[in-house]
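Sequence order for the protein chains is A and B.
Counting along the first sequence from 1, when you hit position 277 you're at 277 in full-length UniProt numbering, and nothing is skipped either side.
Counting along the second sequence from 1, when you hit position 40 you're at 40 in full-length UniProt numbering, and nothing is skipped either side.
Among the clues, some could well be false.
As the list claims (entries may be wrong) - Over the 12 Å line for every Cβ pair with chain A, so calculated as not near, a few chain B residues:
1) Arg22
2) Lys26
3) Ala28
4) Tyr33
5) Asp132
6) Lys156
7) Leu158
8) Lys167
9) Glu186
10) Gln187
Unchecked claim - The following label-pair restraints were derived from C-beta to C-beta distances:
11) B:Asp91 <-> A:Trp224: 13 to 21 Å
12) B:Asn135 <-> A:Pro176: 52 to 60 Å
13) A:Thr490 <-> B:Met129: 22 to 30 Å
14) A:Tyr304 <-> B:Met129: 53 to 61 Å
What the hints assert, rightly or not - Straight-line distance between alpha carbons at most 30 Å, and here's what the computed DSS-like set of lysine-lysine pairs gives:
15) B:Lys156 <-> A:Lys525
16) A:Lys525 <-> B:Lys3
17) B:Lys3 <-> B:Lys26
18) B:Lys183 <-> B:Lys162
19) B:Lys122 <-> A:Lys2
20) B:Lys3 <-> A:Lys526
Since the hints were made in silico from the structure, they are not lab data.
Computed from a predicted model, the values in this text were never measured in an experiment.
From the three backbone atoms N, C-alpha and C, an ideal C-beta is built for every residue, glycine too.
This is what each chain is made of:
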Amino acid sequence: MKELLSGNAAIARGAFEAGITVAAGYPGTPSTEILENFAKYPDIYAQWSPNEKVALEVGAGASIAGARVLVTMKHVGVNVAADPLFTLSYTGVNGGLILISADDPGMHSSQNEQDNRFYALMNKIPCLEPSDSQEAKDMVAQGLEISEQFDTPVMLRLTTRVSHSQSFVEIEEPGPKNIRPYTKDPLKYVMVPAYGRLRRIFLEERTAQLKAYSENCPLNFIEWGDRNVGVITSGISYHYIKEALPNASVLKLGFTHPLPENLIKEFAAGVERLVVVEELEPFLELQIKALGLTVHGKDLLPSYGELSASIIARSLAPLGGIAVAEEYLAQPEVIAASETPLPGRPPVMCAGCPHRGVFYTLQKNKLVVSGDIGCYTLGSMSPLNAMDTCICMGASIGAALGMEKANPDMARRTVAVIGDSTFLHSGVTGLIDVVYNGGTSTVLILDNRTTAMTGHQENPATGSTLMGKPAPEVDLEALVRAIGVKRVRTVDPLNLKELDQAVKEETAAMEPSVIVVRRPCALLKKAITSEPAEVNKEICINCGICLKLGCPAISRQEDKAPPHVTAIQCNGCGLCLQVCPKGALVKRGEENA
Amino acid sequence: MRKSLNILLVGVGGQGTILATRVLAKAAQEAGYDIKVSEIKGMAQRGGSVVTQVRLGEKVYSPLIAEGSADVILAFEKMEALRWLPYLKQDGHIIINDQAIAPVPVLTGAAVYPEDCLERVKQLACHTMVVDALNIAVDCGNPKAANVVLMGMLAKRLPITKETWLKALKARVPERFIDVNLKAFEQGFNL
Ligand code: SF4
Ligand code: SF4
Numbered sequence: 001m002k003e004l005l006s007g008n009a010a011i012a013r014g015a016f017e018a019g020i021t022v023a024a025g026y027p028g029t030p031s032t033e034i035l036e037n038f039a040k041y042p043d044i045y046a047q048w049s050p051n052e053k054v055a056l057e058v059g060a061g062a063s064i065a066g067a068r069v070l071v072t073m074k075h076v077g078v079n080v081a082a083d084p085l086f087t088l089s090y091t092g093v094n095g096g097l098i099l100i101s102a103d104d105p106g107m108h109s110s111q112n113e114q115d116n117r118f119y120a121l122m123n124k125i126p127c128l129e130p131s132d133s134q135e136a137k138d139m140v141a142q143g144l145e146i147s148e149q150f151d152t153p154v155m156l157r158l159t160t161r162v163s164h165s166q167s168f169v170e171i172e173e174p175g176p177k178n179i180r181p182y183t184k185d186p187l188k189y190v191m192v193p194a195y196g197r198l199r200r201i202f203l204e205e206r207t208a209q210l211k212a213y214s215e216n217c218p219l220n221f222i223e224w225g226d227r228n229v230g231v232i233t234s235g236i237s238y239h240y241i242k243e244a245l246p247n248a249s250v251l252k253l254g255f256t257h258p259l260p261e262n263l264i265k266e267f268a269a270g271v272e273r274l275v276v277v278e279e280l281e282p283f284l285e286l287q288i289k290a291l292g293l294t295v296h297g298k299d300l301l302p303s304y305g306e307l308s309a310s311i312i313a314r315s316l317a318p319l320g321g322i323a324v325a326e327e328y329l330a331q332p333e334v335i336a337a338s339e340t341p342l343p344g345r346p347p348v349m350c351a352g353c354p355h356r357g358v359f360y361t362l363q364k365n366k367l368v369v370s371g372d373i374g375c376y377t378l379g380s381m382s383p384l385n386a387m388d389t390c391i392c393m394g395a396s397i398g399a400a401l402g403m404e405k406a407n408p409d410m411a412r413r414t415v416a417v418i419g420d421s422t423f424l425h426s427g428v429t430g431l432i433d434v435v436y437n438g439g440t441s442t443v444l445i446l447d448n449r450t451t452a453m454t455g456h457q458e459n460p461a462t463g464s465t466l467m468g469k470p471a472p473e474v475d476l477e478a479l480v481r482a483i484g485v486k487r488v489r490t491v492d493p494l495n496l497k498e499l500d501q502a503v504k505e506e507t508a509a510m511e512p513s514v515i516v517v518r519r520p521c522a523l524l525k526k527a528i529t530s531e532p533a534e535v536n537k538e539i540c541i542n543c544g545i546c547l548k549l550g551c552p553a554i555s556r557q558e559d560k561a562p563p564h565v566t567a568i569q570c571n572g573c574g575l576c577l578q579v580c581p582k583g584a585l586v587k588r589g590e591e592n593a
Numbered sequence: 001m002r003k004s005l006n007i008l009l010v011g012v013g014g015q016g017t018i019l020a021t022r023v024l025a026k027a028a029q030e031a032g033y034d035i036k037v038s039e040i041k042g043m044a045q046r047g048g049s050v051v052t053q054v055r056l057g058e059k060v061y062s063p064l065i066a067e068g069s070a071d072v073i074l075a076f077e078k079m080e081a082l083r084w085l086p087y088l089k090q091d092g093h094i095i096i097n098d099q100a101i102a103p104v105p106v107l108t109g110a111a112v113y114p115e116d117c118l119e120r121v122k123q124l125a126c127h128t129m130v131v132d133a134l135n136i137a138v139d140c141g142n143p144k145a146a147n148v149v150l151m152g153m154l155a156k157r158l159p160i161t162k163e164t165w166l167k168a169l170k171a172r173v174p175e176r177f178i179d180v181n182l183k184a185f186e187q188g189f190n191l
């Protein structure tokens, strides 16, 4: 039976069919739906970990104990998990282990662009790159075989277009779920220097064996066509090539580390000129050049952003001697829609979002805001404009400490802002640093009871798990007290007065302080909604202060007209009622109260 | 051989483009097409633009639609229709829901909503259809079925039989909403 599945759903299906019984990860676009889908299958175990490092460690343990394992994360998550990864390469596995790295060329939903195939090179582990959903599913099973045969973790590297594009997948029956026996083997699993040195040699032997395997691996294959130009490619680019250069000879690499050197040489010998087409870094190109072959690649194609059939067609056409599909080559007769750019449609905090009041308050107090990663990063956007930095998960707290150490004047006007899930991911250690090293930072933990930005996943503070089971909730106030923070208070972000007072007092205090700002995300079922607001046009003086909240429910219907609340969008959070200096904003039905 | 078809669905988060895409993909599957769908999902919040690219054919490789090559654009919001117009083929069809959703820069007064966007599209594209899908859906009993009204209009213009569409709709819409949605589809189909 064929089903139309996204790459992510196909990976989950592949994991189920191939007998994976343990899966762990941390949410991150474009990887999140893999575990969400996998968790729905019977007779398996899947979990969100507090961060990617822990997820991979759980995976390592499960593999050593004999299970087949899936560990999922986005590209930047692999940075967090890099520590266990580098040594997991030495210990190898018992049950097969697949690490998903979902890269995001074009930064659709990421703070940077990185080509994680280099992690495979540096770790000396195999890398597989699917180009559609069927391959994504098949590579899970193949990857597990490789993992077990060669005693290595295997990286399955996705990109946003593979993760989020849907194509047909053949659905098969699940195979058996075998747990391999565990045998104590300190030489393999205890990486002290003496044993590590032995495994170091094993890595070289394994790499040699993997190279030989890669030569005959069915994931690498040649499609002979026009011999004038031969294209070496991997991942989604393969499909762009099939459209842009339908007659070209193609060497399609599904197993991209270690490379099949002889196959590449054979292909090179069969064509006049070689071109490497790959998204992001010249990963294949550099290694192919190291073989002494002459190739084109990044001299013609961009090394940032996504590729497309059109980009490839137009970049390679100047080479000459290559049949390029007309439809992609010609700058199409585009209907020029607009001489002046249209207003953009950036994402915004939802109407009634509990974060809005926080950034309104921080901006009003003219504070330097050391930011972090989550929906609240939108506090950096107009009209709130209340964020100074955003670097990576958990960075807000350490960065705030650094600011005050560099410039003591900043101590009283700097706050760190971090979400519940991000705080537990990697903010806790930053806070320990603040207390330990005598910082005075004020940290606002925005606890909206969920991991909102990636689509509302559970986390250790939400009281439930990925598989829908109840779980103990981390007591954030008790946790930060235990670290040594003495000034800890909890406020409701919908109470602007209380919030403002808390922020003023805590930034003035010359010791570390934490304000837990607690209110469920407006999109959660448990979010409290009430009567929508409306503007009493008779009282409104049209000062526009309510518009500074940036609530999508409040707008001027016409230029210079007084603000208006769109009732179906408003969830009645009541913020605008608090900022209006004249009391013109009221709850529906309460005008006369 | 089947002609390949490129269909672009554009709108604003929360307008139901995802369900529409699922119905379209199901109908195309039933009709024996190869299909690729590309959906870029951003952050969880509402209000951002949503673009879905659907490609049908004998054999489809790339999931992406190039500029100037969409056979049909189904625009759930009218400024988005204007924004994505460069993707339409010279002789392509554009179906537009007559609804304006102001983005934040407009709400805060930093930008102005192009009130003339429908006129501009009509001037530039050769086959434009404008429909008040929201009102039709309200008449059918549920404003949320506006997406299915638009589906009905798209269905009429694709080489897939009506029976196949109805089957796909029944397969993809939850039981309790099926009556409203069948009505909405009919209305769109007959426009
Ligand atoms: S999803 Fe939740 S946390 Fe994110 S912007 Fe919307 S209300 Fe705020
Ligand atoms: S009460 Fe005011 S601020 Fe809150 S959602 Fe409604 S319009 Fe927006």
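Now for the hints, and whether the structure bears them out:
Non-interface call for B:Arg22 relative to chain A: violated, since the shortest CB-CB distance, roughly 9 Å, does not exceed 12 Å. At roughly 8 Å from the closest C-beta of chain A, the C-beta of B:Lys26 falls inside 12 Å, breaking its exclusion from the interface. In this structure B:Ala28 is not separated from chain A by more than 12 Å, as the shortest Cβ-Cβ distance comes to only about 9 Å. At roughly 10 Å, the least C-beta separation between B:Tyr33 and chain A is not larger than 12 Å, which violates its mark as non-interface.
The beta carbon of B:Asp132 is kept farther than 12 Å from every beta carbon of chain A, the shortest such distance being approximately 17 Å. Once the 12 Å rule is applied to beta carbons, B:Lys156 is consistent with being away from chain A; the minimum gap is 23 Å. For B:Leu158, the non-interface assignment is confirmed: its Cβ lies about 17 Å from the closest Cβ of chain A, beyond the 12 Å cut-off. The non-interface label for B:Lys167 is consistent with chain A: the shortest C-beta to C-beta separation is roughly 15 Å, beyond 12 Å.
The beta carbon of B:Glu186 is kept farther than 12 Å from every beta carbon of chain A, the shortest such distance being approximately 25 Å. Consistency note on B:Gln187: stated as away from chain A, and its beta-carbon is indeed over 12 Å from all of that chain's, at 22 Å minimum. Checked against the hint of 13 to 21 Å, the pair B:Asp91 and A:Trp224 fails, with Cβ atoms roughly 37 Å apart. For B:Asn135 and A:Pro176, the Cβ-Cβ distance of about 56 Å falls inside the hinted range of 52 to 60 Å, so the restraint holds.
A beta carbon spacing of about 55 Å between A:Thr490 and B:Met129 contradicts the range 22 to 30 Å that was offered as a hint. For A:Tyr304 paired with B:Met129, a C-beta distance near 39 Å fails the hint of 53 to 61 Å. As the CA atoms of B:Lys156 and A:Lys525 are separated by approximately 38 Å, the hinted pair breaks the 30 Å bound. A distance of roughly 45 Å separates the Cα atoms of A:Lys525 and B:Lys3; the hinted pair therefore is violated under the 30 Å criterion.
Restraint check for B:Lys3 and B:Lys26: the C-alpha separation of about 18 Å stays at or below 30 Å, so the hint holds. Pair hint B:Lys183 plus B:Lys162 holds up; C-alpha atoms about 14 Å apart against a cutoff of 30 Å. For the suggested pair B:Lys122 and A:Lys2, the alpha carbons sit about 40 Å apart, so the restraint of at most 30 Å is broken. Taken as a hint, the B:Lys3 and A:Lys526 pair is broken in the structure, with Cα atoms around 49 Å apart against an allowance of 30 Å.
Consistency note: the structure conflicts with the earlier hints numbered 1, 2, 3, 4, 11, 13, 14, 15, 16, 19 and 20.
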